[in-house]
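**Q** Take a look at the letters that make up each chain.
Protein chains: 4
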Amino acid sequence: MSQTLPDTISSGQFNACADRIATTARALAGKGWTPATSSNFSMRVDADHAAITVSGRDKGKLGRDDIMLIDLQGHAVGTDARPSAETALHVQLYRRWPMVGAVLHTHSRTQTVASRLFAADGVIRLQGWELQKAISGHDTHESVLEIPVFPNTQHMPELVARVDAWLDAGRPLHAYLIDGHGIYTWGRDLAETERHLEALEFLLDCELDLRTLRAS
Amino acid sequence: MSQTLPDTISSGQFNACADRIATTARALAGKGWTPATSSNFSMRVDADHAAITVSGRDKGKLGRDDIMLIDLQGHAVGTDARPSAETALHVQLYRRWPMVGAVLHTHSRTQTVASRLFAADGVIRLQGWELQKAISGHDTHESVLEIPVFPNTQHMPELVARVDAWLDAGRPLHAYLIDGHGIYTWGRDLAETERHLEALEFLLDCELDLRTLRAS
Amino acid sequence: MSQTLPDTISSGQFNACADRIATTARALAGKGWTPATSSNFSMRVDADHAAITVSGRDKGKLGRDDIMLIDLQGHAVGTDARPSAETALHVQLYRRWPMVGAVLHTHSRTQTVASRLFAADGVIRLQGWELQKAISGHDTHESVLEIPVFPNTQHMPELVARVDAWLDAGRPLHAYLIDGHGIYTWGRDLAETERHLEALEFLLDCELDLRTLRAS
Amino acid sequence: MSQTLPDTISSGQFNACADRIATTARALAGKGWTPATSSNFSMRVDADHAAITVSGRDKGKLGRDDIMLIDLQGHAVGTDARPSAETALHVQLYRRWPMVGAVLHTHSRTQTVASRLFAADGVIRLQGWELQKAISGHDTHESVLEIPVFPNTQHMPELVARVDAWLDAGRPLHAYLIDGHGIYTWGRDLAETERHLEALEFLLDCELDLRTLRAS
Chain A
27 MSQTLPDTIS SGQFNACADR IATTARALAG KGWTPATSSN FSMRVDADHA AITVSGRDKG
87 KLGRDDIMLI DLQGHAVGTD ARPSAETALH VQLYRRWPMV GAVLHTHSRT QTVASRLFAA
147 DGVIRLQGWE LQKAISGHDT HESVLEIPVF PNTQHMPELV ARVDAWLDAG RPLHAYLIDG
207 HGIYTWGRDL AETERHLEAL EFLLDCELDL RTLRAS
Chain B
27 MSQTLPDTIS SGQFNACADR IATTARALAG KGWTPATSSN FSMRVDADHA AITVSGRDKG
87 KLGRDDIMLI DLQGHAVGTD ARPSAETALH VQLYRRWPMV GAVLHTHSRT QTVASRLFAA
147 DGVIRLQGWE LQKAISGHDT HESVLEIPVF PNTQHMPELV ARVDAWLDAG RPLHAYLIDG
207 HGIYTWGRDL AETERHLEAL EFLLDCELDL RTLRAS
Chain C
27 MSQTLPDTIS SGQFNACADR IATTARALAG KGWTPATSSN FSMRVDADHA AITVSGRDKG
87 KLGRDDIMLI DLQGHAVGTD ARPSAETALH VQLYRRWPMV GAVLHTHSRT QTVASRLFAA
147 DGVIRLQGWE LQKAISGHDT HESVLEIPVF PNTQHMPELV ARVDAWLDAG RPLHAYLIDG
207 HGIYTWGRDL AETERHLEAL EFLLDCELDL RTLRAS
Chain D
27 MSQTLPDTIS SGQFNACADR IATTARALAG KGWTPATSSN FSMRVDADHA AITVSGRDKG
87 KLGRDDIMLI DLQGHAVGTD ARPSAETALH VQLYRRWPMV GAVLHTHSRT QTVASRLFAA
147 DGVIRLQGWE LQKAISGHDT HESVLEIPVF PNTQHMPELV ARVDAWLDAG RPLHAYLIDG
207 HGIYTWGRDL AETERHLEAL EFLLDCELDL RTLRAS
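Residue numbers (this note's numbering), protein chains in the order written: chain A, 27 to 242; chain B, 27 to 242; chain C, 27 to 242; chain D, 27 to 242.
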């Protein structure tokens with residue numbers, strides 16, 4: 027893939043982002059959270075740009091050449107490659123929050139099943155789990171962590187509008203699920219975002235197990 | 027194993043197929059989808075021939091010598107080795123569809139359990155999962171993906187007849203389950219077939235999980 | 027460990043058995059089937075002797091020195107080491123059947139849970155699974171494979187008597203479970219015994235999954 | 027990290043403890059039992075000191091520098107590093123029992139779900155499992171092994187008081203769960219503590235599976 031960079035971004039800067047994304051993608055693929063070329067990942071490069079996975083690549087074999095530059099309107103910059111179909115959901119987060127440094131979207135079995143199970147409620151409410159403290163800003167298991175579940179659609183602007191509506195209503199948002207389709211989460215940098223993703227997967231696993239066991 | 031090739035097939039061509047099948051078999055065995063020498067795999071070599079796994083080998087240790095040449099009537103070509111007992115199901119697909127380039131049959135726990143659970147219905151209907159888009163020809167989660175479940179039998183012509191009857195009725199077919207016995211799926215080439223198999227396993231996993239959770 | 031051999035058994039012969047047992051033990055430990063030093067494994071050396079794991083060793087780190095020689099009354103031969111507490115169950119099988127060449131006892135989560143669930147029935151009946159064909163002597167999924175579940179006891183002669191009673195009643199026996207305690211299975215050689223064990227674990231997994239799903 | 031040692035503890039002695047803890051931590055992290063920097067581990071160094079994990083480190087990447095020295099009141103000794111927030115629960119055990127040589131606190135999915143499920147009962151009673159014999163002092167599956175479940179709190183003295191109250195009532199204690207938060211267990215040395223932890227995870231897994239299956 028040929029990637030020309032703007033004067034304000036050095037190749038060292040872009041390559042460091044691309045390598046970090048690729049390493050993370052291979053690790054998440056190794057856990058089985060990116061089945062059949064699903065999932066996409068991005069990192070902020072500067073105030074106006076992000077690096078994101080090229081559409082349709084196998085995340086278990088991702089390398090530097092599978093990452094491209096985009097602006098925060100989601101357009102390719104300096105390349106003919108096509109960014110992930112869901113790029114609009116990534117750049118929405120970078121535009122709204124200057125502090126957001128990375129966005130991860132995965133598609134694990136647990137994330138997918140939880141999204142179907144709670145789709146009618148429109149939200150999963152987590153409470154009483156010590157690991158909620160792994161989400162930045164949470165310092166006790168007693169708080170309630172709400173994760174909305176939005177209806178799936180192949181039309182991205184509908185999803186962008188649902189995220190905007192949730193935030194415009196002043197509700198806290200650390201992650202969201204899309205029905206039958208997996209999770210989006212983010213953080214100040216890639217390390218914090220990976221911690222959020224690991225904790226959310228664990229919490230969803232526990233919530234589903236407990237639901238089955240309580241019924242028995 | 028001694029394998030003599032017809033003049034129209036070079037040893038390079040056959041060996042490339044055999045190596046690709048063996049690599050895929052070892053990867054699928056590593057996931058636990060080929061318990062106790064079950065499962066079989068094939069690739070089309072040309073318009074009249076396919077390469078297929080020899081009967082009864084441990085799929086976790088498969089090498090080039092465990093792959094043999096057959097014609098599309100399922101007869102061994104240039105070897106005394108015995109092809110998989112279910113060869114008739116592979117060649118049926120190559121004969122009906124010139125575009126089919128590979129066929130994979132595995133026997134995972136999920137495939138096996140799902141086949142028993144839906145045997146009385148005779149079909150599993152998948153809808154609302156984003157990953158249905160991983161099946162070629164599907165571009166939305168809103169379509170219905172039907173996977174028939176055929177009764178098991180030790181007599182292959184019965185199974186061949188059931189597949190023919192489904193297709194002759196004009197129903198779409200991307201994969202089928204055999205009751206208590208695993209899945210068959212195929213594609214234009216081995217990479218597409220592997221993607222189909224990975225997506226179908228994921229979808230069946232999700233469908234079974236959701237069924238248990240919805241009852242709780 | 028110091029192991030003196032009788033004149034009729036060469037060190038090469040004993041060491042080959044010990045190495046085969048150790049390799050198998052490490053592989054089964056890697057699957058999590060031997061938690062906390064549980065499980066024991068043996069191979070026939072000749073008409074009057076077997077090699078068996080020394081009591082209480084971590085099966086994930088087993089080496090040649092963790093294997094000792096016994097006679098078919100279960101007594102140590104040429105060593106001060108203590109054989110597994112359940113040695114009587116191994117030698118019972120070698121005495122009754124000259125064809126038995128290896129015995130494996132593991133303690134997986136699935137084997138343990140299945141034994142508790144079916145303890146009151148005293149037997150698990152498997153039918154309709156293609157993988158039943160992996161058990162020697164079975165050539166169709168239509169047969170019924172019965173696996174008895176015996177009550178657990180710390181007194182080995184009680185268990186020996188239950189196995190004898192089952193066999194003396196003329197009932198087929200390929201494996202048995204002990205309540206809360208895991209499985210015993212055997213075969214003509216270690217390879218066949220490993221195939222039996224792998225197939226039985228798979229069949230028990232499927233049977234438990236199907237039971238949960240059918241109730242949902 | 028800079029660690030100054032008291033004259034009575036050699037650097038070889040401290041480093042041996044630190045390396046053993048780090049190795050164990052990485053192994054437990056590899057099983058997924060320490061999600062998102064949770065969990066903490068310690069070993070007794072002498073009658074008045076223990077080595078413990080520094081707060082907030084990723085347990086999958088733990089090295090010697092992530093371990094620090096504390097006294098048995100839980101204060102840092104010879105370092106500015108901050109010990110785990112739950113240090114008070116470790117030193118309580120070293121103070122009460124001179125025989126205790128290691129304490130492990132993990133946070134697996136099974137431990138976490140079991141703690142929620144049995145929180146209202148305040149205790150899990152295990153009986154009939156052969157693997158109860160892996161807990162020191164238990165020599166039959168017929169005994170009852172009680173594991174209390176204490177309410178979670180961010181205030182450690184409350185938990186210390188609950189453990190004291192259980193012990194002051196003269197009830198046996200080999201491990202305890204904290205609601206939504208994982209398990210604590212201990213032993214004479216790290217090897218025995220690891221065996222206890224492995225056996226308890228297995229027993230909780232089995233107990234939860236059996237509960238779901240018995241309801242089906």
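Certain hints may be false.
Same chains, same label: a pair holds when it works inside one copy or across any pair of copies.
[Said to hold, decoys possible] Capping the alpha-carbon separation at 35 Å, the derived lysine-lysine pairs in DSBU-like fashion look like this:
#1 Lys57 x Lys159
#2 Lys159 x Lys87
#3 Lys87 x Lys57
Honestly, the hints are just simulated from the structure, not real lab data.
**Q** Could you work out which earlier hints the structure fails to respect and list their numbers in ascending sequence?
**A** Structure breaks no hint.
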